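S.K.: With the hints as constraints, model all of the structure from the sequences given.
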Amino acid sequence: MGTISTILGTFGFGFGTTVGIVIGYYLFIYHQSTDVQDPEIKPLVELDSETIATMFPEIPLWVKNPDFDRIDWLNKLIGHMWPYMNKAICNMTKSIAKPIIAEQIPNYKIDSVEFEMLTLGSLPPTFQGMKVYATDDKEIIMELSVKWAGNPNILLAAKAFGFKATVQVVDLQAFATPRITLKPLVPSFPCCANIFVSLMDKPQVDFGLKLLGADVMAIPGLYRFVLELIKDQVANMYLWPKTLTVQIMDPSKAMEKPVGLLNVKVIKAIKLKKKDLLGGSDPYVKLTLSGDKVPGKKTVVKHSNLNPEWNEEFDLVVKEPESQELQLIVYDWEQVGKHDKIGMNVIQLKDLTPEEPKLMTLELLKSMEPNEPVSEKSRGQLVVEVEYKPFKEDDIPENLDDPNAVEKAPEGTPSGGGLLVVIVHEAEDLEGKYHTNPSVRLMFKGEERKTKRVKKNREPRWDEDFQFPLDEPPINDKLHVEVISTTSRIGLNMHPKETLGYVVINLGDVVSNRRINDKYHLIDSKNGRIQIELQWRTSS
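FYI, in this note's numbering the residues of the sequence shown are 569 to 1108.
Everything labelled a hint here was simulated from the structure, so no lab data went into it.
With a cut-off of at most 30 Å between alpha-carbon atoms, the simulated BS3-like pairs for lysine-lysine come out as follows:
| id | residue 1 | residue 2 |
| --- | --- | --- |
| 1 | Lys918 | Lys833 |
| 2 | Lys799 | Lys778 |
| 3 | Lys960 | Lys887 |
| 4 | Lys1018 | Lys865 |
| 5 | Lys799 | Lys727 |
| 6 | Lys706 | Lys751 |
Fair warning: this is a prediction, and the values are worked out from it, not measured in the lab.
M.R.: Encoded structure:
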């Protein structure tokens, strides 16, 4: 009887199920609404914001807010560079964190804390848009919408009391809107002195945290507590108007720009110290400003004169009047060898009253070292007149510190004439048959000048200048430049002197161009070249 009941029950269930499916299918097919309308198709611009938000829950800011610009190019750039940026950021993070950790772990009696694994993963952050603010200050303000759903693997190991514990951060997601300010903008690369970073809203952060391999964030209540704690701590430090400041360069140096001119008139020297064997000196004055990369200025050489008068004026560009000083050094010119220093002194620019000429008589000293013993024997005096002329706003002259600028000729230069300055810089690929101890000999209008001798050098550098006062421009004149090598070992060498090459320079071009600085191939030399700078200075 039980068997028959089981068979009938099974049959009834199968029959009832089949009948139910057939009836349901009939009702579904024949009872649908017959007034179904086609879907309405509209352009996105005609849809309201709620409809669009429903269709696209992750709309970029550049779509929702017209103030934000689309920066797909930046996302592509970061996508290509991310493998290298990942390594660079991780290395920088380790170098920054290492001293901080070393300073803090003794307070908690921990032996060591170090990264066993640090990688930001293969997924770079994306920028949803950027907004740039225009201000009247010398700054650039940018707001970025940053989203990062990355796959980093950060494994930190701590050792204490003989035990080791590991903490691992995985599946990090962060959403933030940082404001980046580049300020101040300066005319030196990278064109900004500081970077200020602040957050405009509390960041949204989500990540997984494993302690000893166990998912700590799965503990009830801990997940929300940790995330809120991180958001609050970050907001307390960097939520606008608080900022993170990154200094790129020293603002005081970055903002260096011309603020004025220092007019210096070198008038004369009195009772200079004798430096030559015959009881005389050939003095000239060199003027330089501290912290200035521009070559110093020089007066003409006054031969065999212990009381020379120059009356030459120079303009020096001032950038830091509170810290810069004018250095004046009197040298004794030597035809061969190094020029001897007679004496020196300095003038602090902060001691000068703007727009007020100051006549000064300076005692020449051996050096400006405070521990230098004072000599009872005088080195002479230098008389100068200085005046600091600060620039007015937006009135800075052009071409300041121009290396191609040519100084004016000194007072007393004939109106139709000028001063020819020849600067022998260097030579290269010199080769002597018997020896290579090069020096340069200049011959101009029957006058001969020589540089010092550089021993055993195929690429010597002299940087010596020679001046020729002229009553008229040397339009049709020529300068003969000869490189010679000499040796003092006459007894051991039958060739004490030999020519390494020469060149003849037409001076007509320097009169029209005012300055020429060029390298000339030496005649009778295989590959030798010499660099000569020519200047034609006039009083106008």
